[in-house]
Structures are given as C-alpha cells and as structure tokens.
Amino acid sequence: MTTHEQTSPVVEVRNLTSGYDDKQILYDVSMTAPYHQITAILGSSGCGKTTLLKHLIRLYRPWSGSIELFGNEIITMDEPEFNAQLLKVGVLFQNGALLNSITVAENVAIPLSQHTQLPKNIINRLVKMKLRLVNLENAADLLPSELSGGMRKRAALARAIALDPPLLFCDEPSAGLDPAKAESLDRLILSLRSELGITVVVVSHAVPSILRIADRVVFMDDGRILFTGTLHEARTAELQAVDEFFAKGISQE
Amino acid sequence: MTALKYTDNAIFLQGEILIDSVGPLISALEGFLRTHRDSELTIDLSGVPRIDSAGVALLDETLERAQAKGISVQYIHAREVVTKTLAAFSTKGLGTSAPPASISFFERAGGAAYGAARDLLDLLYLVADTLYFAAVGLVRRTGIRKGEFINQSILIGMNAFPIVALIAFLIGFILALQSAAQLRQFGASIFVADLVSISMTREMGPIMTAIVFAGRSGSSIASEIATMVVTEETDALKSMALNPVRYIVVPKFYAITLTMPLLTVLSMLIGIFGAMVIGYTYLDIGIAPFYRQVVDALVFRDIITGLVKSIVFAWIIVITGAYYGFRVKGGAEGVGKATTAAVVASVFLVILADSILGLIFYFGRGFKF
Chain A
1 MTTHEQTSPV VEVRNLTSGY DDKQILYDVS MTAPYHQITA ILGSSGCGKT TLLKHLIRLY
61 RPWSGSIELF GNEIITMDEP EFNAQLLKVG VLFQNGALLN SITVAENVAI PLSQHTQLPK
121 NIINRLVKMK LRLVNLENAA DLLPSELSGG MRKRAALARA IALDPPLLFC DEPSAGLDPA
181 KAESLDRLIL SLRSELGITV VVVSHAVPSI LRIADRVVFM DDGRILFTGT LHEARTAELQ
241 AVDEFFAKGI SQE
Chain B
1 MTALKYTDNA IFLQGEILID SVGPLISALE GFLRTHRDSE LTIDLSGVPR IDSAGVALLD
61 ETLERAQAKG ISVQYIHARE VVTKTLAAFS TKGLGTSAPP ASISFFERAG GAAYGAARDL
121 LDLLYLVADT LYFAAVGLVR RTGIRKGEFI NQSILIGMNA FPIVALIAFL IGFILALQSA
181 AQLRQFGASI FVADLVSISM TREMGPIMTA IVFAGRSGSS IASEIATMVV TEETDALKSM
241 ALNPVRYIVV PKFYAITLTM PLLTVLSMLI GIFGAMVIGY TYLDIGIAPF YRQVVDALVF
301 RDIITGLVKS IVFAWIIVIT GAYYGFRVKG GAEGVGKATT AAVVASVFLV ILADSILGLI
361 FYFGRGFKF
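These protein sequence lines map, in sequence, to chains A and B.
Anchor point for the first sequence: position 115 equals 115 in the numbering used here, and the numbering is continuous, going up by one each time.
Anchor point for the second sequence: position 195 equals 195 in the numbering used here, and the numbering is continuous, going up by one each time.
Hints in this document: simulated from the structure, not taken from any laboratory.
It is possible that some hints are incorrect.
From the structure, some residues in chain A lie toward chain B, with a derived Cβ separation under 8 Å [what the hints assert, rightly or not]:
hint	residue
1	83
2	91
3	95
4	97
5	99
6	239
C-beta atoms are modelled at their ideal positions from N, C-alpha and C, and glycine is treated no differently.
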C-alpha cells in the first residue's frame, strides 16, 4: 500500500452543496470512502445519491464544497490532469451506457485502444479476459441491443474495469435485475473487491444487495447525509429513517 | 338522478350521487348556497344509497364554498357505506390550486433574452471545440472514434448520392423547361445553357445539396447524439476521459466536409446535364453547342463560390445537428424535438448563409481570382 492508502480515504467529500438552476439537491454533504472496502451510498429514490455520484466524476459542478479523489482535489483540476485521474476510475452506469452501435468486445476495448499503446492482439486478449471475469465470454461479438439487461450491466462492468482501475463507481447496479441476477452481480462486485482489491462505491436503494456487499454505508435523505459508518453501526444506530429504510427494503424481498 | 328537496335550513338529497349526476347537482347546490341566509345548513344524506369519488368531491367542494361564505355545513344521517366512501376519498384540506401568478411581459422578455444568451454561448463553445479538435485531429488521432471517418463518409456522403443526383437532374430539367418557354419567344433558347449552368453552380447546386444533407444528415446527427445523451452514453464517454465532441462529432465533421463539396460538384454537373436533355429534346440544341455555351458562360469563380458555399453549409449542418443533439431534454420525445429543431434550423441557417455569402460574392465581384 502506498502511504496515501494507509492514512487517507480514496474518496473524500467535504461540505458539498449543489443543485441546478434554482433547485438545490445536495445540502452540505460530507462523506468518505476508504480504500479496499465497499461503501454504499443509500437512500430512497430522489434523495440525491445518483447526483452525488455524478459529482464525484465531475459530470456536474457543485455550487460549493470540495471533492478529493486519491487525495487530490478534483473540482479545480484542469482537464488533462483530471482525465489522468479518470483513468484510475471505472464507472458502471445504471443502464450500462454501452455504445449501441458497436459490439460488446469493441465497447470493452474503448478505454484500452484510446488510452494505451498496447498492440491489437494484447487488447483482444485483455477484452476476453475482462469478459470472462464477468461471465460474458460468449457475448463478445453481440451488439448491446441483443443482450438482456443483466448481460448489458455485466458488459458495462467489464468495460469499467478494462484499465484495472483501483476505484469503481456503480450506479444502482441491481436496478432492473431479478433477485438471482442481482445476487450474481453482487457476487461479482464482491470478488472484484476481494480478489483485485478494487475500492467500490455503490449507489443503491436495494436493501438485499446492500446487506450482501456493503462494508460501510452513507445514508442520505432529501439531499442530506443522515448517517455514515459501518453497515453494522447503521443497523444498530436506532435512527428512524435508517431503520425504516432497511425494514421496508427487506419486507419487499 | 339525484333529487334535491329543501326546507329553509336543510337540504335532503335522494338517490345515488355518481359521476353522471354530479353536474346538475352542482348548479342546484350552488343556487341554494347563494340564497341561503342562515349561517348554518344541514345536508341530509339518508336518501343516498351510494356515492362515488366524484360525489365526494362535490360534497367537499360544497362544504368549502359554504365555509367561504360563512355558512357552516353539516352532512347528517349518511348511511354506513356512504360514510366509508366519504372517508376514503376525502379531499378536505387539499384545496384547489391557485392559478400560477402570471409572469409580466418584461420578466418573460428578460428570461428569454438570458436564455438566448446562454444558448448562444453554448453554441460558441461547440463551434470552438469542433473546429479545434478537427484541426488537432489532422495531426493526432487520439480521442477520435477509430474507423468512423470512413463509416460516416459512406453514410453521410455516398448514400446521399442517389437522391442528390435525382434532385439535381430534376432541378436542372425544370429550370431549363421553365426558362425555355420565356427565352424561346426572343429566339434566345441557347441561353438556357447559360442560365442553368450559372444557377446550378452558384446557387441551386449548393442549396439543393445542402437541403438534402440537412434533412438526411442533420437529422441523423441530431438524433444519434440526442439518443446517446438520453442513454447516458455521452456520460460514459466523459467518464472514460473521452471528449464527446472529439469522439463523435469530429469524424462526422471530416466526413461532411469531404463529401458535401464533392456531391455539390456532382449536382452541378448533373443539373446541367438535365438542362442538356431539355435542350436536346425540346429546344433542338445539339449536345456540342450546348456544351460550348456552358463552358463559355461559366467562369472559374462560379464554381469556386459554389464550393465555398457548400463547405460553409456543411459546417452549418454538422454543428447545428450536434448542438441540438447535445441539448436534448427528456426521453424519446426530446430526441424527436431535437431532430426536428436541427433540421429546421439547418435549413434556415443554410439559406441565411447563402444570402450573406451571395452578397459578399456580389459586392466582391471586382476581386479577380
């Protein structure tokens, strides 16, 4: 581990306040995500968790506050420097966000062909390797429209880890998946953490999934952070909103 | 049908109060409230066997209206099923929403101006990014979608050839036909060749080709980009440190810059050929004399101005398509709106640019090149 990993979190957000036009969405949000753990940002729909995630990859600019990735403040970074940081981050979007006009293999190859000088045969091998990790070896030459929702997410996950990023963001990974598929995707995410040491930040409102994978939780409600701590601490903290969230989520299983 | 009986301070309702019967009942109750002098009123519901949500809404509305007039209303003797329905559908306290405060003309004008300024700024950023990355991309291939230039050249350019050719032929044909009717009267049929060749090279070739491209490529560029925004594909590109303008727009920019002038030249030639057909069949002008007349009439300048126009039009089409694509709001409906807006704006801007360029070329006509 580098010294930064030993002492600091990989993601650190301080007093983030943001919104668009006149509408405020995030109110003084502060959170951290430590290395090599799975941090879940939870809350009901509309609480601002996906907005927070998009701020972390600078798709939105906040009104005030600071965001640090790997110890570096990213809001004021200039573009080339930030692009270099992005190469260390993989993002799994809610619906996969694969490019629909090219095959799965070509999608996974994009980061490799654009950001490395590796020769084609090595890239092809890497693509097959990532697809095998997500159990999609046989789907390499299919178009995204020919895949099921679950397969699309796995293909997008393969693309997200193409460059072996140490940090992975997932936006509602189990959304739209049946319980069996959601569980196998969760197991994939867990294995990424345990076998490859990837730090994962997951945005979710699916309680069964969260209970399976989260080490730490950040609980949001109406744009504010209500609780941060380990999963166990969250379940024993006796905060009404948190308890209700978990209770309702489990009863829907 | 609901019947209404009343005494001085009580109304007796008889019959089911359902959605069909609410209408007449409204006016009856209203009339009653207007003339009622007392500060109390009871409405007896013992004769009502059934009520639905419309009926509940009516009763609640009546109660609140009466309260506003200072009359306190009580519903009495409601049967059990009616009481349950009243409780389930109660709209008490919900109130009807007040009409939104009207925005003054100046506020609207100011808002529109501010919005337009922001849109113009976004457009300038897009133009700057596109031209910059297109220029840089000539020397460095990073960040541009591989293989896309050839692909787009085929889609945007080659596939447009049949329709561009057909339209050009027909335009040349029609121009010749219409002008022949007039020129014949003066024995000046041969000048059809001059007329068509100068019109095709200076105006009709570039404009018609541009309009075909605006309809085909302008709409496809806008809809492709808009769909990518809606499905978060552009977000995904940004998250992979790829600039969407560089990755998606620049290949299209190259493709249209290459193919539209080529197709414009082809359309000029085909249009003149169409006129030649009329000349040969209708005006008895031989192929060789027609050809000589065309060559004499045209100067280098005519073709150059046509080509310059076609490049400017090409850039207008690709940037307008990209602009509306990136600003899409909403889902499928937004994509449709973006596509329509792109085509309409492209056609308008092309014709506007044509006028401006026409003026520039006209007033600069002393400039020899």
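Problem - Hint check against the structure, violated hint numbers in rising order - result: The structure breaks only hint 6.
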